[in-house]
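Chemist: Protein chains in written order, with the working numbering: chain V, 1 to 351; chain A, 1 to 338; chain X, 1 to 506.
Watch out, some of these pointers could steer you wrong.
[As the list claims (entries may be wrong)] Reference listing, derived: stretches of chain V covered by chain X, where coverage requires no fewer than 3 residues with Cβ under 8 Å from a Cβ of chain X: (1) 196-207; (2) 218-227.
[Claimed, not checked] To spell it out: a stretch of chain V is covered by chain A in this simulated footprint if at least three of its residues, at any positions, have a beta carbon under 8 Å from a beta carbon of chain A; those stretches are: (3) 135-149; (4) 318-327.
[Stated by the list, open to error] DMTMM-like cross-link-like pairs, simulated, lysine to aspartate or glutamate; straight-line CA separation at most 25 Å: (5) Lys203/V with Asp398/X; (6) Lys339/V with Glu216/A; (7) Lys164/X with Glu57/X.
Calculated directly from the structure, the hints in this document are not laboratory data. The beta carbon of each residue, even a glycine, is placed where N, CA and C say it ideally should be.
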Amino acid sequence: MNKGKAFIKRLTGYRLFLPLFCLVLVLFSNLIKTPGFFEVTIKNGVLYGYIIDVINRASDLVILAVGMTLVVAASGGTDISVGAVMSVAGAVCCFILSGGQQSVNEFVNPYILGVLAAILAGILCGCFNGFLVAKLKIQPMVATLILFTAGRGIAQLITKGQITYIRVESYKMLGSSIPGIPIPTPVFVALIVVLLTYVLLKKTTLGLYIQTVGINAKASKLMGIKSAMIIFLSYVFCGLCAGISGLVASSRIYSADANNIGLNLELDAILAVALGGNSLAGGKFSLLGSVIGAYTIQALSTTLYAMGVSPDQIPVYKAIVVVVIVALQSTELKRMVSKLQTNVKSGKKVA
Amino acid sequence: MKKREKIDGKVFLLIITILLFLVMYAAGLIIFKSKGFAKPQVFLNLFISNAGLIVIAAGMTMVMITGGIDISVGSIVALTCMMLAWMMEIKGMGAVPALVIVLIMGIVFGLVQGFLIAYLKIQPFIVTLAGMFFARGMTAIISQEMISIKNEMFLKWAKSKINLTFLGGTVNKKGVVNYSFIYPSVIIALIVLIGIFVLLKFTKFGRTIYAVGGNEQSALMMGLNVRRTKLLVYVINGFLCSLGGFLFALNTCAGFVEQAKGFEMEAIASAVIGGTLLTGGVGNVFGSLFGVLIKGTIETFITFQGTLSSWWTKITIAALLAFFIILQSLFAKAKEKH
Amino acid sequence: MPNEIVLSMKNISKTFPGVRALDHVDFTLRSGEIHALMGENGAGKSTLIKVLTGVEEFESGEIKIEGESQMIINHSPQEAQEHGISTVYQEVNLCPNLSVAENLFIGREPKRAGLIDWKTMNRKAAELLSKLDMNIDVTKALENYSIALQQMIAIARAVDMSAKVLILDEPTSSLDDNEVEKLFRLMKRLKADGVGIIFVTHFLEQVYEVCDKITVLRNGGLVGEYEVEKLPRVQLVAKMMGKDFDDLEAIKKEGKTAGKSSEAVIDTKGIGRQGTIKPYDLQIYKGEVIGLTGLLGSGRSELARSLYGADKPDCGELKVNGKTVVLHTPLDAMMAGMAYLPENRKEEGIVADLSVRENLILALQAKRGMFHPIGSKEQEELANKYVKLLQIKTASLDTPVRSLSGGNQQKVILGRWLLTDPDFLILDEPTRGIDVGTKTEIQKLVVQLAKEGVTVMFISSEIEEMIRTCSRMAVLRDREKVSELMEDELDQNHIMKAIAGGGTDE
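Could you put the whole structure together from the sequences, leaning on the hints where they help?
Modeler: Okay, here's the thing in structure tokens:
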């Protein structure tokens, strides 16, 4: 009995327990409801099936979640502008590649120029957010609220309020697949971003600094770590991730749709971080947790789609999940529950 | 010299705001003279098209004075409009019961958010972010199609003009005099504005809101009930959101999923531009009114100009918000040094 | 009758997990009396105040207050206030954004027709303050006034609400002399009105200036209650520190460094910072252990922090190894060869969720810079070396530092700084709250380091420890460096006299 309890305690105490548990739960429920969920077939030389779809579609979110994880860890706040920044990046890329026309069948400018410009746009947005948060000490959510609303407006201005189409095969590759490779390209992009970030965090001191600043800013100062700089960098990095994610999203639909690229993804990204077992108050983080969290959420979304829930309606369920997770993290709730328990116990004694 | 000392930061910010509005309006009078910008009706339209925003900005001001924030307001407006449209058009309910139900919905929404924030101490941003997606999603669950409101009583509320004869009128070709007018929504908005002003300035509850925003710990030590105050603020805010949503619906006479998107930003920007500090403790509903009027003026400019895309409104508001936030932050820094 | 008892606390006991915070403490306060409550860290002053004001519960004992036949137990500060007990803290517990009048009356505003009557409120506030000789504009926001005035306004509020017992918890810590003077005038005035005042402070001068009685606590126990005139300063210090002044038995000095040189590592001229430490001159020589002594709040940590650039000094000149430097940030200080172990381990020292290894290498890493990461192998070697050297007891290098005992956490931070190979090491209360064994180890290490040529600044509240480790001491009192003691003067009597200052002839 005790051994079992200890085992459960150890299991639930494991950092990645929450995201893995949720992922298994979602996948398992699919297995029962949709027997074909795990079937994988090959169509036109590309893997095809629900599960592939989840892994493919989750890529944008995985990339976002990576940046969001660092922002949350360093500043204890979240960047809600990521979805809008994605649409800015997409718009910038398409604008460069189309040379300002509404639809083109071949690149007007070199592909690489568009990509670089999009990434630069993401970084610039990140700099803006980082400046407000780290330098002016404005609450992260308010600071990023500015781009959250204005970002799509800027994207609209760039695309002149219309959808810019890039009807070039090579442009579509980033979002679909490269001929001869059966796995969709976004999966690789996500993988590369995650790996590079992992290496960056491990091989430079950034990961260590971010956690140190997030856990104890006062101690960091006395140890000679510039916390404002670290927080700034985390927002810049988050902007960079949003830029890359925006490129992938834009390539999927081979166009810049300012209204719909990255729509509602900010909530998903925050949810991925929380679901990954990371505290939204900042500090120690697990990149892998957030990545698993991101796949879990995409699995959830795909499941809900399969059940006939429209994309507009899905946020309802996700919002509930967010509230439940943060409520469970709340120390106040724990205090309330333990108070209630002692009350019940003492009540019994009296009786 | 001495006089200058007397003007402290918060008054200064408010003065900047009022000046900004006057300058902008004056600029409008000059630039769009030929298009009739000088008509009293243009000014009244600022109130007519922003009645809902005035009410919601008043609620937002209260929330922000406590040091909190609510980014769910836009979605609640959309949900309110959708519920009204759905209940009256699909379910055939009367306008009055529908109105009562949405107002209760707003209160319940505020109650839940307020509980999570005040009693479970979850960051207001996370709670209301979830609230924002929840309400928007619920709107889509009710109906993904746009529902137009055709309920007679509702349309009567929406379209009964109140002529302001003292402002004079213009005579059209048929010889009918067109007076300057407002809709009942404007009167409701102004009543709410005055009500919240009185609440904030002249009641113990109102002053406690300021105390909580000034220093929560101190407020607690002075024997004020911080948690209950916060909860109540979110409840009142929830009520004002649904009321504002109703006024919004009077303008649009429809409910659809994408409605009032970015409204939260407009409300927050209005409050901040009107001198409400993001750090809490300072704010004034009349300041926020000027914030709303500035936003309305920008919109009017864009309409009068004719070729600019409506996205410019959002971008300008965001830029203004950024500007005022930086201004606040500079003021705070100067004060610290002092 | 002015001298009746307004508050009596008898046999108060309170235990925190593992610590007896209050052990059968008595305390009596009469009306029209200013009563100092004194004691060093961990003496139980703040616990006693918390018990009295209902912030903490107590286990046994009784509290009686004048006019109530029953003994009372407060469950919250509000309840205490209803019983006539008000507290004013060092951190002003008022709202800076509200007007002075509001701060005085919030929660009990005068009303007319259900709405707040601002006119009456402002008038009443002005009256209340002018009664206490404060003639200020009550309609302005509180934040426009100095901390001293804010404090006095807080006192006015407390007195107006309930006038029997007023607790002033270190109200003077952030005031300058002039402001303290004003505060004292107000206290004397209230005393004349018959208010009983409990005055908690670290400043001896102030106690002798305004107080009638002193109650001294030490390690949770009552040392005694004394009339101010009958207790000379040195005796008071001795009672607070738990050493009998007349006990002249010297403590053996073991293995202390004699390695003095004439090479000044640190040389300051008039370095100071408004409101934290008055300008001081100090030379520190290579290989010595210089102690900073003084009572709590005398400016020991503040001096250290001003040297390290943690709180940037606003005047003076600093020379390190003969070269003039300006330290803008702690990183500058680190680059100049300094290291600083802060007083507050939890808040400023450990990074609780990170591992022992990470906590150890952090400072060195910061010194090397972001783009020169210490490889994992080197990290391990360094961490292992210092875990062994300092005998840090940890399950592994990857154990989060939060799960270590206090003593081992402290060793980790010490190791963190030793890793940076400093020339000048500042240790602010390195042995506070850790077990005796570790204490001795740290003391030995300090002496050892000095032998190896490291210059150490050692700050501690325990005199014995200081005598054992230091080769010289600087004495601080009331945020000012007042004297230096050479090695041959380092005995308890000398030190306590120096700490107490003035009036030692009695």
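Chemist: The structure should be examined with respect to each hint, and the outcome stated for every one.
Modeler: Hints, verified against the model:
1. For the stretch 196-207 of chain V, the stated coverage by chain X holds: 4 residues have a C-beta nearer than 8 Å to a C-beta of that chain, and at least 3 were required.
2. Chain X is given as covering the stretch 218-227 of chain V, and this holds because 9 residues of the stretch bring a CB closer than 8 Å to a CB of that chain, at least three being needed.
3. Remark: the stretch 135-149 of chain V is confirmed as covered by chain A, as 12 of its residues place a Cβ nearer than 8 Å to a Cβ of that chain, reaching the required three.
4. With 7 residues having a Cβ less than 8 Å from any Cβ of chain A, the stretch 318-327 of chain V passes the three-residue criterion, so the hint holds.
5. The suggested pairing of Lys203/V with Asp398/X holds, with an alpha-carbon distance near 18 Å, which does not exceed 25 Å.
6. A C-alpha spacing of about 24 Å is found between Lys339/V and Glu216/A, which places the hinted pair at or below 25 Å, so the restraint holds.
7. Under the criterion of a C-alpha separation no larger than 25 Å, the hint pairing Lys164/X with Glu57/X is consistent with the structure, at around 22 Å.
This entry satisfies every hint, going by the numbered hints stated previously.
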